[in-house]
Amino acid sequence: MTFWETFFIAPLANGLVIFYRLLGENMGVAIIVFSLILKIVLNPLSKTQLESAKKMKDLAPRLEKLKKKYKNNPTKLAQVQADLYKENGVNPLGGCLPQLLQLAILIAFYGVFTRTLYPGINTVDAFNNFLYSPLKFAEGAAINTKFFNLDITKPDVFKLSFLPFVLPGAFLILSTVAQFLSIKIMEPYVEVETKMAKKTKGVEDDMQVAMQKSMSYTFPILTLLIGVKFPSGLVLYWLVFSVFQLVQQYKMSGWGALTPLIRRIGLIKSR
Amino acid sequence: MLKKFFSVIIKFYQTFVSNALRPLFGRACRYEVTCSEFLRRSVLEEGFLKGGSKGLKRILSCHPFSKVYTSEV
Chain A
1 MTFWETFFIA PLANGLVIFY RLLGENMGVA IIVFSLILKI VLNPLSKTQL
51 ESAKKMKDLA PRLEKLKKKY KNNPTKLAQV QADLYKENGV NPLGGCLPQL
101 LQLAILIAFY GVFTRTLYPG INTVDAFNNF LYSPLKFAEG AAINTKFFNL
151 DITKPDVFKL SFLPFVLPGA FLILSTVAQF LSIKIMEPYV EVETKMAKKT
201 KGVEDDMQVA MQKSMSYTFP ILTLLIGVKF PSGLVLYWLV FSVFQLVQQY
251 KMSGWGALTP LIRRIGLIKS R
Chain B
1 MLKKFFSVII KFYQTFVSNA LRPLFGRACR YEVTCSEFLR RSVLEEGFLK
51 GGSKGLKRIL SCHPFSKVYT SEV
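Here the protein sequences come in this chain order: A and B.
Counting in the working numbering, the first sequence runs from 1 upward without gaps.
Counting in the working numbering, the second sequence runs from 1 upward without gaps.
Where hints are given, some of them may not hold.
As the list claims (entries may be wrong) - So these bits of chain A aren't anywhere near chain B, every CB distance computed over 12 Å: (1) Phe-3; (2) Trp-4; (3) Phe-19; (4) Leu-97; (5) Ala-141; (6) Lys-146; (7) Asp-151; (8) Phe-219.
To be verified - Quick list of in silico lysine to aspartate or glutamate cross-link-like pairs, DMTMM-like style, CA-CA up to 25 Å: (9) Lys-68(A) to Glu-37(B); (10) Lys-71(A) to Asp-83(A); (11) Lys-55(A) to Asp-151(A); (12) Lys-67(A) to Glu-46(B); (13) Lys-54(A) to Glu-25(A); (14) Lys-71(A) to Glu-45(B); (15) Lys-154(A) to Glu-45(B).
Just so you know, the hints here were simulated from the structure itself, not pulled from any lab data.
For clarity, every value in this text was computed on a predicted model and none was experimentally measured.
C-beta: ideal position from N, C-alpha, C; glycine also.
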């Protein structure tokens, strides 16, 4: 086994199997619960992270003033800046390392799926390859990969005889929608007037801003396209990931760019 | 010439990679200009050796135990 498999894939595979055993031997339930717990465990890391970043953003105008004031005295500026952050409770326990760890786990989880719960792979043998000895499956054992109408190892799609292509199943659609909402909610909600005022930005930024905007569409579409080909276990995991992100972001800074949508739904309800 | 090429690569990273990762994990920069932009500018201004090492130093200073906050280019 490679370094990557030993230290990232194998622990996750073992964790997954522990939950599979604990939760009545259903791989779908195991995936949902395990990815949820993984998110919760990693959450304190990313939470302080996101909160700090948000506070820093709020403090940016004040920092700008300080920068002008201490233009010729960088050491003093650093000092004042550190004080400013300290006063406003910006947690220095942040940085990009926690983010990198999350990214690594995301990729590793994906690796677990493609190595074990994949069409054309003997799931038991593949798992045994990674499992520590007390957890290993017996020779010839079967892993229950049924979850509602899904087979975790196969894509969540169905085919209508008169259509030349497959259609996404319920979980895949749900996952796509959740992905869209979880990105949309991160965009700040700006009223129309402020939007006009913001148009003074440089041309250079435009491409990036446009790119960022289009992400809220690119990612869900990517989810859909990938989901049609990949085992639905991955889709379940992605669903949990997106919903968690959605809830976390809502708790931190409200509905963001979803505000108009929520308002509209609220209006319909109240009528 | 080489610097310009380097700058384009970083721009590509910022537009297509960084922008793609941000919605998944959120923006978490402690510095005002992002590290990639800082590296890009410092390489353009001071060359690969000096500018590059400045950029490297900065990204390495972004960890939970660092006390550095400065962010001028």
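Consistency of the hints with the structure:
With a least CB separation of 21 Å from chain B, Phe-3(A) remains clear of the 12 Å interface cut-off, as annotated. Taking the minimum C-beta to C-beta distance to chain B, about 19 Å, the non-interface status of Trp-4(A) holds against the 12 Å cut. The claim that Phe-19(A) is not at the interface with chain B holds, since no C-beta of that chain comes within 12 Å of its own (minimum 23 Å). Under the 12 Å C-beta cut-off, the non-interface status given to Leu-97(A) relative to chain B is violated; the minimum distance is some 5 Å.
Listed as a non-interface residue, Ala-141(A) keeps its Cβ farther than 12 Å from every Cβ of chain B; the least gap is roughly 36 Å. Interface exclusion of Lys-146(A) from chain B stands, the closest Cβ pair being 30 Å apart, more than 12 Å. The beta carbon of Asp-151(A) sits about 27 Å from the closest Cβ of chain B, which is more than 12 Å, so the claim that it is off the interface holds. A cut-off of 12 Å between C-beta atoms contradicts the statement that Phe-219(A) is not in contact with chain B; the least separation is 6 Å.
Taking the CA atoms of Lys-68(A) and Glu-37(B), the gap is about 21 Å. The hint holds against a cut of 25 Å. At roughly 17 Å between alpha-carbon atoms, Lys-71(A) and Asp-83(A) fall within 25 Å of each other, so this suggested pair holds. Between the alpha carbons of Lys-55(A) and Asp-151(A) the distance comes to roughly 44 Å, so the proposed pair goes past 25 Å and is violated. Between the alpha carbons of Lys-67(A) and Glu-46(B) the distance comes to roughly 22 Å, so the proposed pair stays at or under 25 Å and holds.
Distance check on the hinted pair: Lys-54(A) and Glu-25(A) sit about 42 Å apart at the alpha-carbon level, beyond 25 Å; violated. Of the supplied pair hints, the one linking Lys-71(A) and Glu-45(B) holds, its CA atoms being roughly 20 Å apart against a limit of 25 Å. Proximity of Lys-154(A) to Glu-45(B) is assessed by CA-CA distance (about 53 Å); at most 25 Å being required, the pair is judged violated.
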